[in-house]
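Peer 1: Residue numbers (the working numbering), protein chains in the order written: chain A, 1 to 273; chain B, 1001 to 1314.
Hints in this document: simulated from the structure, not taken from any laboratory.
If you're wondering where the values come from, they're calculated on a predicted model, not measured in any experiment.
Watch out, some of these pointers could steer you wrong.
[Stated by the list, open to error] Selected chain B positions facing chain A (in silico; Cβ < 7 Å):
1) 1054
2) 1076
3) 1089
Quick reminder that beta carbons are idealized off the backbone N, C-alpha and C, glycines included.
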Amino acid sequence: MSGGRWTTRWRQAWAVARHELKLAVFSRRVLPVLLLVGMPLALAGLRAVFLPARQRVDIGHSTADFAQMFSLFHLRFVVFFACALLFAKLFRGEILERSLHYSLLAPVHRAVLVAGKYVGGVIAAWLVLLTTTLLTFVLFHLPHGAAGVRQLLSATGVAHLAGYLAVVALACCAYGALFLLAGLYFRNPMVPALAFLGWEVATPFLPPALKAISVVHYLSSLLPVPPSLGPLALLTRPVDPWLAVLGLLTATGLLLALAIRAAGRLEVTYAAE
Amino acid sequence: MNPDTISLRDASKFYGEVLGVNRITLDLKPGLTGLVGPNGSGKSTLMHLLTGLLRPTRGEVSVLGVPPADAERLFRIVGYCTQYDSFPAGATGLSFLRHALALHGQAAAEAEKRSWEMLAAVGLTDSARRRIAGYSKGMRQRIKLAHALCHSPRVLVLDEPLNGLDPMGRAEMIHLFQELAAEGRFVIVSSHILHEVDAICDAVVMVHGGSVVAEGQIRAVRGEITSQPIQVLVRCDRPQAIAARAFTLDHVVEAKLVDDGASVLIRTRDADAFYASLTDMIIESGVTVETVLPADESVDAVYGYLIGQPGVPT
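Isolated chain A (complex conformation) (with noise of 0.2 Å):
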């Protein structure tokens, strides 16, 4: 192929990138992905104000708290279904507002167009999540005063930040590629986005053949602090970190995949919609 060809394509995909990134981020349809990601700083917010003066000198409550909302709260409930609604709606979004056919009647080869929605959603998701993660990380370190700035700024504090943001990075590659896959399969993504929620609430106490077949058992591997998941879990040995990234990346690769074959059969049909 000629390197003329390639570079339309970039153009195209970086065209529909930078399309989808305005819609998902400049539009009316950031609204619930807003009050979703305001939910974790409001609850840092809370925790700030009505924290315990005795537990304020204790720098360790940060860590461990942090820790336990972000795994549980954060990452299973929020990260998630921001990215349920950032990525679900790349094309199901098109198809319900009736305006798919336009990106259809361009020039475009479909996998071009699945990974240009698909790096617009990963750019949104990134610009809104990897900020309120970063944001809530200091607003949880703030009601300890100086050495709660001191512990932030610290190699360990850094590193922690560094580590939560990798998590919330991935996360939405791999989430994103999921729900991308699902808006393209199924009439309302949200359905099967609950199901797929409910499986990863359960995987703490999953056997570890199932825990291998979800997402957050990946990511529960790369946490910079390992959460308390209550007396129920069961406990397995965390997937090598090296190995837990080269799997979601290649379970996202695995989803575009079959994204980019659902897109190549796409038919304009709206009225069965």
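Got chain A; can you put chain B on it based on the hints?
Peer 2: Chain B in isolation, oriented as in the chain A frame:
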């Protein structure tokens, strides 16, 4: 498949068990082709098949040698103005065209320039930065046309393109379609308003119940319908005289005086023989003839004959 024509070979499309179009074989040539038929006859399905928005359940489709599934090649040469009156959320006329051109791989400056040119061509320069959601029906139709035309396609597929346009707008658009056809492009226009197609198209494809019932030039199609006598309207100062003489001809089955008192409608099984005799009739009777017109060589009449409902507007 022929790289110089638009071809369908035995193409069918079923939506589950519902028939869209059935076993259509067609070869479309450059010029203005009208795709006619009532709502639900399969016109849009046919257009979707040509543009890859639908895939045939069986059969083959090719647009100048390109299979519609190959979007990368197809939409370099095809522009499609669909019947859907919906647009991407929040789009303005300018951003809509700019994005379409960006998808064609055009650089930002080039896309911006071409967008303004197209907005000017469809008379929407002043509304370029307004949201399309706030446009009138006619303006939305114009921006869709600009979208279909912005990359100067060789093949233009237009689904009910004149819907919602005011008379001036219709005239402008018809003129534009005729210009494009005269340049040797393929312009395929669908309409359920038959006289509209009649007025502008070089050839027609008549669709009914998912099947093509006739195709070609209107006059040729009409000539093949031998079961229906051809109607000729003669406007003159003494229609009774023409009617009386017409009755003496074997091939004339009816001569009816029209209510306006200045015309006679002749129904004949042999139009050529009638036209040949008409000169003699005029000379012998000494009438002054104003016009002689074929009265049922319209798409409307031909379509009615073909689906067995002559005179019933579709």
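Peer 1: Indicate, hint by hint, whether the structure satisfies it.
Peer 2: Verification of the hints:
1. A cut of 7 Å between beta carbons decides the hint on residue 1054 (chain B): the least distance to chain A is about 5 Å, and the hint holds.
2. Taking 7 Å as the C-beta cut-off, the interface hint given for residue 1076 (chain B) holds, the closest approach to chain A being about 5 Å.
3. Interface hint status for residue 1089 (chain B): upheld, as the beta-carbon distance to the closest one in chain A is roughly 6 Å, under 7 Å.
Checked against the numbered hints above, the structure violates none of them.
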